[in-house]
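Colleague: Sequence:
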Amino acid sequence: MTVCRCQFCAAPLEPVQEFRYLVETATTDEPVHLARIRALPSNNGRPLRVCKGCQGEMRAHPVRYRLALERAGFRREVRSGVLAAAGLLSLGLFFVTLFGDA
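Just so we're aligned: the sequence shown equals residues 0 to 101 in numbering that gives the first Met the number 0.
Keep in mind that a hint or two might mislead.
To be verified - Simulated DEER-style distance windows between Cβ atoms:
| hint | residue 1 | residue 2 | range |
| --- | --- | --- | --- |
| 1 | P11 | E69 | 21 to 29 angstroms |
| 2 | A10 | L90 | 34 to 42 angstroms |
| 3 | F94 | G55 | 13 to 21 angstroms |
| 4 | F94 | R65 | 23 to 31 angstroms |
| 5 | G55 | L21 | 31 to 39 angstroms |
| 6 | A84 | P14 | 36 to 44 angstroms |
In short, the hints are calculated from the structure, not lab data.
This structure is a prediction, so every number in the text was calculated from the model and none was measured.
We put the CB at the ideal spot given by N, CA and C, even for glycine.
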């Protein structure tokens, strides 16, 4: 069984927070229903996996967490680019090895 972890501190989510996250992600295509049950903070309309401690800190210091989300998005883009480059280099090495002696 996998454990949902907080996106900010990587601590395991409390069962209530995990349940809220799962319900909110299952109802993102129903905005009217989601507006009534929304309890977790969101980013671009998608709920965030946050523990109770981070959710309280997020309410107290929203700017700090907004910056953390922006940095996380940038890291994800860089990581994707590095993985794509490594894949292309590996593919090129494979083809050079396969067709290089011809």
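Colleague: Evaluate each hint against the coordinates.
Modeller: Hints and how they fare:
Checking the proposed 21 to 29 angstroms range against P11 and E69 shows it holds: the Cβ atoms sit about 25 angstroms from each other. In this structure the supplied range 34 to 42 angstroms holds for A10 paired with L90, their Cβ-Cβ distance being about 39 angstroms. About 54 angstroms separates the C-beta atoms of F94 and G55, a value inconsistent with the hinted range of 13 to 21 angstroms. For F94 paired with R65, a C-beta distance near 44 angstroms fails the hint of 23 to 31 angstroms.
Judged by the Cβ atoms, the range 31 to 39 angstroms given for G55 and L21 is violated: they are separated by roughly 21 angstroms. At roughly 41 angstroms, the beta-carbon separation of A84 and P14 lies within the given 36 to 44 angstroms, and the hint holds.
Of the numbered hints listed earlier, those contradicted by the structure are 3, 4 and 5.
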